[in-house]
Every structure is written in structure tokens, then in C-alpha cells.
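Here are the chains, one letter per residue:
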Amino acid sequence: MACTEVVVVCEPARSQAEAANARLIAAGSEFAARAGAKLVCLIAGEGVAAQAATFAHYADEVLVADSPLLAHFDPYRLLGIIERVVGERKPLAVLFSHTHAGIDLAPRLAARLRVAVASNCLDATFEGDTACFTRLVYRGRLHAKVAIDSRPIIATLQPGSAPLPSRSTPGVVTTVAIPPGKPARARPLRTIEPERTGVDIAKSDVVVAGGRGIGSKENFSVVSELAAALGGVAACSRPLVDMGWFGVERQVGLSGNTVKPKLYVACGISGAIEHLHGMRESRTIVAINKDPDAPIFRVAHFGLVGDLNEIVPEVTREVAARRAAPASPQT
Amino acid sequence: VKIAVFVKHVPGQAITPRIAACGDRIDEHGLAFEANEADLYAIEEALQQRTTLGGDVTAVTIGPARAREALHVAYAKGADHAIHVVDEKFRGCDPLLNVQAAALVARRIACDMIFAGIQAEDDMLGQFGVALGEALDLPVVTAVTGIRVDAQRRTAEVVRELGEGFRHELEVDLPCVLTIQFGIRPLRYMPVMSVVRARLRPIEALAIEALGLMPDAPGARGMRVLELRQPPASGRCELLGGSPREMAGKLVRTLEETGII
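So the sequences go chain by chain: F and E. Everything in the first sequence is counted per this note's numbering, starting at 1 for the first residue and increasing by one. Everything in the second sequence is counted per this note's numbering, starting at 1 for the first residue and increasing by one.
Just chain F, with the same shape it has in the complex (with noise of 0.2 Å):
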């Protein structure tokens, strides 16, 4: 093959970018392994040069382009800077994370490319000479296999946890150069932080979280009561903060919180991969869904198929009833 690299596109560490980078770089190692290509790290930012000197621990080189001029998320910017990389290094493949910037930066390099892009991948392989990935699609009801021919491969890979290849040696660490471009047609303004509501779900060791199948807001109440029967929090998926029932502060996925508790109890929820984010880390996480296809299942430890209005109450009063009577024999 005559492509040696495969470039990873990293991000700024806040947390969940922290673990993204981690599976990020864990399947382009490997990746870039099978193809015999050297794995490329690339991270740009404002004061990432720590964060780069922590990748050259698992990279062959990484490629660092640390300034003020990135302080905010500014995709033209940034795909500026892939783009320069991509032209001088001509590499096989270009990864992103499944993230809100991936989600972003990858169609726009694939567009400019005009080349094909695997988003919402599961993994990354050769068969052979072909690369190919698995994706989601269809909600995550799905899985479908796909090649990839156009060349640099583009993919988004799903985040998760990942051990990471450790090397003897340290990658080389090289300063790439922002490139100056044409005036923006889209300027960043500034960068809006999370309201501080007081409501810190991560810190409960139980977390109820109702989802769409609850069907009304005064029906969340089963929700609240199982939390507070357990002494948890209640919590909720996207779809409830999209109808304006909760702010983000109580919501569990991507563009909420990540939660890792001992007990984490889905009620009503199918379990976009969005959503699965935020949880899957849970110690134990029950699932209550009348649809036993929903993909829920798949990160469950208990499943109750079932409809949550009449399951989740008798959940709380047997909850309520064992810590009533905690020595009682079973009934």
C-alpha cells in the first residue's frame, strides 16, 4: 500500500473527549497496524500541548497546533488545518470520534475531499486490501457492514472505553501551523458553559431515568418516587429535555451528563446511542421497555419487558416494603 499513516483527529480533554480520544486511538492503532501504517496523531486547540505530549506515548508522531485562535470551536478553522495535513502527508485514512466536533469536522474533510465518510462507526478493519466498517444505522436497530473505497478512508468511530496500546518509546511531537484562509463566513462568538443549577446527577450512587415511553410529564412522577424510594436521583434521555420537561442538567447522553452509578434503572427509554454513552459504565443498569428489541437490552444487566407504568410502581413499593422491613424472610 502505497499510504503509511492514519491520522486520528483528537480533541480538547473535557471529559467524555478524554474517553473518545482513548477509543480513538485505540482503533487507529490498531487500524493503521493491519494496513502497516504508522498511527498519526493530530490534536489542535488552545493549551493542548500537555494533552500531546501524554498522545506521543501511543503515537508515532502527533501533530499539535496549540493557539488562542482555537479557544472556541471553530470548524473552518480546524478543517483548515486537516485539510493542510492531509494535503502534505497524503495518509490512508483520516479518524474522527463520533463526538459533536467529529460529527462536524468528518462530512466537512469528506465533502472537500469529495470522497465517501463511515459515520457512527463500531470498529475499524481490513479484510484484506479492504477497509471496512461496521455502523450504525436505523437508530441503532441495525448494524450494517460497509467498504470503504475512496481514499483517505474517512470515519467517525463511536466513543467508549478502550485500553490503549502503550509503546517503548515515545512519538515524535511536531507543531503544525494554523493555515492563514480566506475570511469566515461563519465567526465563532463565544462558547456558552452548562447553566449551574446545583443538580449534579454524576455523583449519585442510583440514577432512575425516564425516557419518551413514559408518555406524559405528570407520569414521570413513577420515575421520581423509585428514585427517591432508593435514595438516588431522578435523571431523564434527550427527548423529555427536548419537549421542555427537564433542563440538561438532568439529562444522561452526549450532550448531557455521563453517569457511572452502582444502579442505573432505564425507564422507558430504547436507548439511542446517544443515550448509551452517558450510562454504559453504570456498575448495574435495569432496563423496563415494553419493546424487547430496543437496543437498551443490548447494555442491560436485568431486563423487564413490560409496560414501565405498571412495573416501575410495584418496583417502589417492594423497594419501600424491604427497606420497611429489612429482616424480613423473602415472600
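Hint data in this document are derived by calculation from the structure and do not stem from the laboratory. Fair warning: this is a prediction, and the values are worked out from it, not measured in the lab. Hints should not be assumed to be uniformly reliable.
[Said to hold, decoys possible] For lysine-lysine, the following DSS-like pairs were computed, each having C-alpha atoms within a straight-line distance of at most 27 Å:
(1) E:Lys250 with F:Lys262
(2) F:Lys260 with F:Lys290
(3) E:Lys250 with F:Lys145
(4) E:Lys89 with F:Lys290
(5) F:Lys38 with F:Lys145
(6) E:Lys89 with F:Lys260
(7) F:Lys203 with F:Lys260
[To be verified] Short derived list, chain E residues pointing at chain F, Cβ under 7 Å:
(8) Ile83
(9) Leu125
(10) Arg224
Idealized CB from N, CA, C, for every residue including glycine.
Chain F is already provided as a structure; the job is to place chain E on it using the hints.
Same frame as chain F, but now just chain E:
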């Protein structure tokens, strides 16, 4: 302002489509379809902008005959015009052809803003809006959750999501393409009768073959679906059976015995 909204007709929410015998696509037979949810948010936002700024909203879909239903919904919500690019061959599922057809339609409408949902729930590619912007050489902002247009200056201040509750505000020149994030404003409930009545509204139909597109440009169709699969079971989910009370009993007992609660 003139706004074009692209709407895709996709398999319904709560159904896992059957995989067709050939293995690389779904079996559409007997499958219920609906307007892609993110695109519904795009329609709501377009109509709100029209209310504030004046102008008109054109809803556009690309797909087979059944995709007209998505336009009926757009009409029921209040769209002014509807265009159906009829694609019986690829059934609206060829990403490249979709972008080319959309670019052609958008040029003809000469719109100030183009909206599309952030992602289609069928192919989950999320590239349509971005690729359309590139094809038209227009600025694109993705995952948009707020739009404030300054018609005089021909700019818009938009807010986009960055994840983990972070958002980002930027100023974008018009015309532009915005991919709309879920929840940008509440979806209004559509009574069935209003959709039924909307079926009488005229839809301009364009045969995709007649648009003179060049879908076979070299290197363009770089992705092949080899096969569709059911996702593998994790193998760890223990299903608790019985009546709601029995299920609850088993669950709480197990959680207690294992020291989880």
C-alpha cells in the same frame, strides 16, 4: 426570508426493520414510514422564522412515492410550498445523489437559509447538510439549537451544541445551511385530520432522472453496504419474567442479594 427545509421519509420509531433476502438492505414491504424526527424540528424552526421575519417555507423531500407523506406533514404544520424529487430507483437512499438533487433544487429556490435535520434516522450518516453546504459553497453550522436572524445585515447569530451541556455561539452570513438539532423548539402535535386535509395541497414532483445529475462521478460513491445485521446480543442481560409484581419482586431481591441496593 426564503427557507428551504429538507425532510426525509424514514422507517417509523419503534420498529426494527426486517433485513431483505439480499442482505444489504431492509425489506420495505409492510413497513411504516414517517418524517424523520430531526427534520420535523427543522420544519418547526423554519415556520417560526417565517412568523418572525416574513417570507416563505418550501419543504423538499427526495424519495419514492411514499415520501410524499413527509410533505403532507410539512403542509399540515404550515409550509407554503412542497417539492418532491421522485427517486424510485435508490428510494432516497443514495447519499451522493441526494446532495446533488438537493443542491439543484436549492439553487432554483434561491433561498436565504436551508435547514435539514442533524441526522436521518435510517442511514445515520449525518453528512447531508454539510455536503449540501459544500456543494453550494455556503457556510454550514451543525447541531443548531437557536437562530436569530438580522435581515438587514444578512447575518444570523446561531447557537450550536458542543456536547456535555456546552454550546457555542457564532455569527454566520446568509445564505447558509443549518443542520437542526432535536429540541430547538417544541414539536407541535399534528391532528391526523390536518395531515389528511394537507394531502389535497399541490406538490411539485420532479423525476430525479430528469434533473441531469451525474451520480457516477469517479470516486464519488465510495461506500458500499456489504450486509445488514442484527446487532449481537451482549449476552449479559437477564430477562426477568412474570407479572409486573413478580418481575419487581425478582428484581429487588436480586439487587439486594448482590448488595447493589
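Here's how the hints hold up against the structure:
no., hint, in the structure
1, E:Lys250 with F:Lys262, "holds (18 Å)"
2, F:Lys260 with F:Lys290, "holds (24 Å)"
3, E:Lys250 with F:Lys145, "violated (38 Å)"
4, E:Lys89 with F:Lys290, "violated (36 Å)"
5, F:Lys38 with F:Lys145, "holds (25 Å)"
6, E:Lys89 with F:Lys260, "violated (46 Å)"
7, F:Lys203 with F:Lys260, "holds (9 Å)"
8, Ile83, "violated (23 Å)"
9, Leu125, "holds (5 Å)"
10, Arg224, "holds (5 Å)"
Violated hints for the displayed structure, listed by number in ascending order: 3, 4, 6, 8.
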